[in-house]
Amino acid sequence: MQLTEEKILEWLHDVKDPEIPVLSLVDLGIITDININAESVHIEMTPTFVGCPALDMMKNDVIARLTKAGVNHVDVEVNFKKAWTSERISENGRKALKKFGLAPPPAGKVLLEDLDILEHVACPRCDGTNTQLKNPFGPTLCRSIHYCLDCKEAFEQFKPV
Amino acid sequence: MNTAALIELLYKMADDQLILGHRNSEWTGMGPLLEEDIAFSSMAQDKIGQSHALYQLLHQLGEQEPDTVAFTRNAGQFHNCIFVELPNGEYDFSLIRHFLFDTAEAIRFEMLSRTSYKPLAELSVKIRAELRYHTLHANTWIKQLGSATRESIGRLQHSLEAAMPYALGMFEPSPLEKEIISQGIFEGEVVLRERWMNTVAQVIGQTQLTLPDWKLINPVYGGRSGKHSEHLQPLLDEMSEVFRIDPSAEW
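Chains B and U supply the protein sequences, listed in that same order. Each number in my numbering comes from the position in the first sequence (counting from 1) with 29 added on. Each number in my numbering comes from the position in the second sequence (counting from 1) with 4 added on.
Some clues are possibly wrong.
To be verified - Keeping only pairs whose Cα atoms sit at most 20 Å apart, straight-line, the calculated SDA-like set for lysine to any residue is: (1) B:Lys88 - B:Ile65; (2) B:Lys127 - B:Leu162; (3) U:Lys122 - B:Val107; (4) B:Lys110 - U:Gln60; (5) B:Lys111 - U:Lys122; (6) B:Lys36 - B:Arg94.
To be verified - Output of the computed footprint for chain U on chain B, the stretches with three or more beta carbons under 8 Å from beta carbons of chain U: (7) 112-119; (8) 155-166.
Since the hints were derived computationally from the structure, they do not count as laboratory data. The beta carbon of each residue, even a glycine, is placed where N, CA and C say it ideally should be.
Using the sequences and the hints given, assemble the complete structure.
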């Protein structure tokens with residue numbers, strides 16, 4: 030079998046974030062490098078948040094998926110060479126998040142000194158910005174909690190970093 | 005590079021994160037508001053995760069596995085400052101400690117994003133970005149409660165004065181300080197302390213709280229060389245209880 034980066038990416042599209050089962054690791058932007066050497070594949074990954082407890086599970090899922098596809102030797106290295114920022118989420122990923130009911134982080138580079146971006150996040154239900162930040166911390170490290178004054182419902186955002 | 009100096013720096017940072025992470029986790033289920041319960045629990049998870057990443061760097065430098073290092077040392081082998089091991093006290097003390105500690109951490113990791121040790125520089129960029137949520141949280145509450153009612157201002161003022169000698173203990177100089185600075189590993193505790201004082205004064209200046217006179221405060225040192233208060237060993241006993249019963253347990 031001739032392994033190519035395209036093929037590997039296609040397989041890795043099947044591996045989803047265990048907490049957001051509609052979002053692939055590729056669209057989430059945590060696969061940072063793929064090195065193919067004949068029959069073996071070396072993958073580099075980086076967590077969304079350093080303390081992400083789902084990382085080991087995702088690492089094992091990557092190995093399982095590529096093994097199932099017939100790759101003889103897979104190893105996964107976790108590092109911070111290309112540290113994850115919310116800018117790494119693809120356009121497809123942002124759409125998937127919204128469909129799942131999570132407000133995507135703002136597109137583009139996030140200047141975090143300016144945390145006003147956390148106020149008035151667009152509601153994933155009505156798209157309105159008549160919303161308030163309730164808590165910069167949420168049910169997982171990567172989510173914040175907001176409230177839509179129009180829908181009168183709480184929602185979560187995938188946090189910009 | 006002077007590996008001994010680098011190892012010393014990494015241990016004290018990792019131990020600070022681990023011990024304060026554990027203290028933060030003690031607010032889980034006990035927070036004064038549901039949202040604060042979530043905030044302190046999330047910050048606990050961040051800090052313990054960050055300590056794990058730092059222990060991982062130490063492991064790459066030849067130290068033992070992160071779990072072994074975290075769960076099998078006694079108090080005298082920990083290098084955290086005494087500030088982080090103090091009991092949570094009431095919410096006002098936890099909030100003041102969170103503010104004073106995370107302000108220093110955010111500056112420390114910003115400085116370390118320029119360290120000559122590349123794996124630490126890469127990790128520091130990442131941790132610095134996450135800590136912005138911690139300082140945002142701390143600053144928001146200090147500004148609100150520091151200008152709210154007589155009770156909230158009085159409580160924070162009292163905790164600020166009680167915390168300050170311990171907070172200055174965060175900057176206890178290392179015996180290897182010269183090597184750390186000359187080799188470009190870190191610009192040093194003195195530079196960090198100056199920048200921290202400015203930031204703390206700038207936030208407190210937006211409240212009705214009064215900063216104590218820096219010159220009159222005697223820093224509480226000792227933690228960096230393993231001389232701790234009576235509070236650390238009981239914390240470690242609790243933290244490592246499961247590990248000590250069954251070192252192969254997974255959870």
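Subject >> Unsatisfied constraints (hint numbers, rising) >> reply: Failing hints: none at all.
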